[in-house]
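Enquirer: Chains H and V, in that order, are what the protein sequence lines are.
Numbering follows the numbering used here, in which position 204 of the first sequence is assigned residue number 204; successive positions increment by one, without gaps.
Numbering follows the numbering used here, in which position 4 of the second sequence is assigned residue number 4; successive positions increment by one, without gaps.
Honestly, the hints are just simulated from the structure, not real lab data.
All C-beta atoms, glycine included, are put in the ideal place defined by N, C-alpha and C.
Careful, some of the hints might be misleading.
As the list claims (entries may be wrong) - PhoX-like cross-link-like pairs, simulated, lysine-lysine; straight-line CA separation at most 25 Å:
1) H:Lys75 to H:Lys175
2) V:Lys74 to H:Lys74
3) V:Lys74 to H:Lys75
4) V:Lys54 to H:Lys75
Unchecked claim - Cβ-Cβ distance ranges computed for the label pairs, FRET-style:
5) H:Thr64 to V:Thr90: 34 to 44 Å
6) V:Ala49 to H:Asp92: 18 to 28 Å
7) V:Leu58 to H:Glu41: 48 to 58 Å
8) H:Arg200 to V:Glu44: 13 to 23 Å
9) V:Ala56 to H:Arg200: 45 to 55 Å
10) V:Arg168 to H:Gly199: 51 to 61 Å
11) V:Glu44 to H:Gly199: 12 to 22 Å
12) V:Glu179 to H:Ala49: 30 to 40 Å
13) V:Gly199 to H:Arg94: 51 to 61 Å
14) H:Glu66 to V:Glu41: 30 to 40 Å
15) V:Ala27 to H:Arg94: 41 to 51 Å
16) V:Glu189 to H:Phe164: 34 to 44 Å
17) V:Glu159 to H:Glu179: 37 to 47 Å
18) V:Ser104 to H:Glu66: 18 to 28 Å
Protein chains: 2
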Amino acid sequence: MAKLEPYERALSYSYCLGAFPCLQLLAARPETARRLLLHPEGLESEGVALLREKCAALGVREETAERVIRRESKKGNCFAALVFDKYEATLDARASHVVLNEISDAGNLGTALRSCLGLGIRDVAVIRPCVDIFEPHAVRGSMGAIFSMNVRAFDSFEEYRALFPERRLYPFMLKGSTELDAAAAAREEPFTLVFGNEGRGLPDRFAEMGTPVRIPMSGEIDSYNLAISVAIGVYQFTRR
Amino acid sequence: MAKLEPYERALSYSYCLGAFPCLQLLAARPETARRLLLHPEGLESEGVALLREKCAALGVREETAERVIRRESKKGNCFAALVFDKYEATLDARASHVVLNEISDAGNLGTALRSCLGLGIRDVAVIRPCVDIFEPHAVRGSMGAIFSMNVRAFDSFEEYRALFPERRLYPFMLKGSTELDAAAAAREEPFTLVFGNEGRGLPDRFAEMGTPVRIPMSGEIDSYNLAISVAIGVYQFTRR
Chain H
1 MAKLEPYERA LSYSYCLGAF PCLQLLAARP ETARRLLLHP EGLESEGVAL
51 LREKCAALGV REETAERVIR RESKKGNCFA ALVFDKYEAT LDARASHVVL
101 NEISDAGNLG TALRSCLGLG IRDVAVIRPC VDIFEPHAVR GSMGAIFSMN
151 VRAFDSFEEY RALFPERRLY PFMLKGSTEL DAAAAAREEP FTLVFGNEGR
201 GLPDRFAEMG TPVRIPMSGE IDSYNLAISV AIGVYQFTRR
Chain V
1 MAKLEPYERA LSYSYCLGAF PCLQLLAARP ETARRLLLHP EGLESEGVAL
51 LREKCAALGV REETAERVIR RESKKGNCFA ALVFDKYEAT LDARASHVVL
101 NEISDAGNLG TALRSCLGLG IRDVAVIRPC VDIFEPHAVR GSMGAIFSMN
151 VRAFDSFEEY RALFPERRLY PFMLKGSTEL DAAAAAREEP FTLVFGNEGR
201 GLPDRFAEMG TPVRIPMSGE IDSYNLAISV AIGVYQFTRR
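Using the sequences and the hints given, assemble the complete structure.
Expert: Given below as structure tokens:
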């Protein structure tokens with residue numbers, strides 16, 4: 001690998017931006033790290049020092065790449081990045097899952113992943129067409145949580161379903177027939193919680209699958225933000 | 001008002017961007033609407049047609065202002081905006097509140113407000129230094145929920161507390177002594193839930209006030225996103 005290309009979906013590698021997400025990457029998926037990129041202004045930071053130490057121990061070579069960091073991070077305030085190989089994760093058949101159907105916003109994906117990991121859900125399927133899971137903004141939004149998880153893209157919901165045909169599905173829908181608390185209290189594990197696209201939600205056909213769940217909502221808003229719905233839903237379904 | 005200035009905190013007016021948030025504004029605070037700004041490419045949209053109709057009925061004058069809309073919305077995909085007068089809201093002393101201490105991100109504020117309104121909390125205090133509540137990005141992030149709520153900025157937490165000295169406080173802290181579910185089950189109403197800054201959380205002194213609450217979190221992330229914490233906390237505290 002010579003020149004570092006502007007990020008795009010077709011590349012075999014991506015950029016993990018920021019010292020904290022990079023440390024998460026090295027802890028969880030060290031074998032994917034290729035090169036450490038440093039911004040000359042960040043060399044004094046504690047996080048960057050720790051990162052250099054860990055990269056040296058792993059044999060990941062470092063280089064100054066101010067321009068690449070600035071280009072990929074867009075906003076400033078980013079002083080280190082790892083170039084990493086994309087990889088394909090496998091979902092755990094015994095664990096509960098979250099499915100994000102046609103999620104389109106990288107920030108929402110990152111925030112949802114971070115919440116899921118915090119609440120103990122490590123296995124997340126995303127259904128195409130959807131945002132690229134390795135887009136730098138998604139990786140950064142997850143604060144590196146993605147590396148400690150199994151996140152995998154599928155071409156269709158049916159492709160996901162064929163691999164995990166037995167488990168109970170809980171599609172989250174504005175008109176779901178069962179209120180969240182009741183659905184969570186009666187949950188069958190392992191479960192799969194399914195969330196729709198930011199603007200469109202889930203197609204009606206999901207109402208025929210499993211137990212459609214409704215998050216209580218006053219009549220004064222028309223929907224919750226997707227990452228908020230995921231967090232509220234996962235919180236309830238993972239309570240003891 | 002002649003020329004429309006680039007938005008800044010010191011202005012007496014702000015911009016509400018997008019047809020849906022504008023309709024919320026007209027429903028909740030019609031007296032603040034000054035001018036309707038239209039983008040020539042948006043005239044075919046149903047939302048814009050409805051907005052023009054309502055503005056005509058209210059006597060709010062319309063004008064084409066492509067350049068102002070583009071400047072204030074930054075990303076495209078915005079075809080209408082309302083110029084509105086800033087106003088000062090008063091919190092309801094009988095209602096439960098959310099306090100956002102030194103919140104710094106406009107997107108987080110908007111998302112948190114929208115979640116609060118959806119979950120039935122209409123009264124929100126923000127404590128300075130903090131993001132400007134009328135910044136167009138915050139208003140848009142709330143999807144106009146802010147207009148149906150009482151959102152007020154205070155110079156200090158003590159200034160807020162002096163107005164509402166009796167109610168029980170529930171500061172959300174990473175090391176809070178009471179787990180969320182237990183705190184919510186034993187809640188005293190009306191309550192005030194207090195959340196800290198995105199990076200720093202709440203100062204330690206808040207642990208001495210009321211019942212410090214901890215949202216359960218796996219050791220694999222270091223915190224939840226602020227808007228996520230607010231949504232999970234408010235959801236639990238507003239359950240029947």
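Enquirer: Does each hint hold? Answer for all of them.
Expert: To see whether the hints hold, each was checked on the structure:
no., hint, verdict
1, H:Lys75 to H:Lys175, "39 Å, violated"
2, V:Lys74 to H:Lys74, "15 Å, holds"
3, V:Lys74 to H:Lys75, "14 Å, holds"
4, V:Lys54 to H:Lys75, "39 Å, violated"
5, H:Thr64 to V:Thr90: 34 to 44 Å, "55 Å, violated"
6, V:Ala49 to H:Asp92: 18 to 28 Å, "50 Å, violated"
7, V:Leu58 to H:Glu41: 48 to 58 Å, "52 Å, holds"
8, H:Arg200 to V:Glu44: 13 to 23 Å, "20 Å, holds"
9, V:Ala56 to H:Arg200: 45 to 55 Å, "31 Å, violated"
10, V:Arg168 to H:Gly199: 51 to 61 Å, "39 Å, violated"
11, V:Glu44 to H:Gly199: 12 to 22 Å, "18 Å, holds"
12, V:Glu179 to H:Ala49: 30 to 40 Å, "36 Å, holds"
13, V:Gly199 to H:Arg94: 51 to 61 Å, "37 Å, violated"
14, H:Glu66 to V:Glu41: 30 to 40 Å, "38 Å, holds"
15, V:Ala27 to H:Arg94: 41 to 51 Å, "49 Å, holds"
16, V:Glu189 to H:Phe164: 34 to 44 Å, "42 Å, holds"
17, V:Glu159 to H:Glu179: 37 to 47 Å, "39 Å, holds"
18, V:Ser104 to H:Glu66: 18 to 28 Å, "26 Å, holds"
Violated hints, in rising order: 1, 4, 5, 6, 9, 10 and 13; the structure is consistent with all others.
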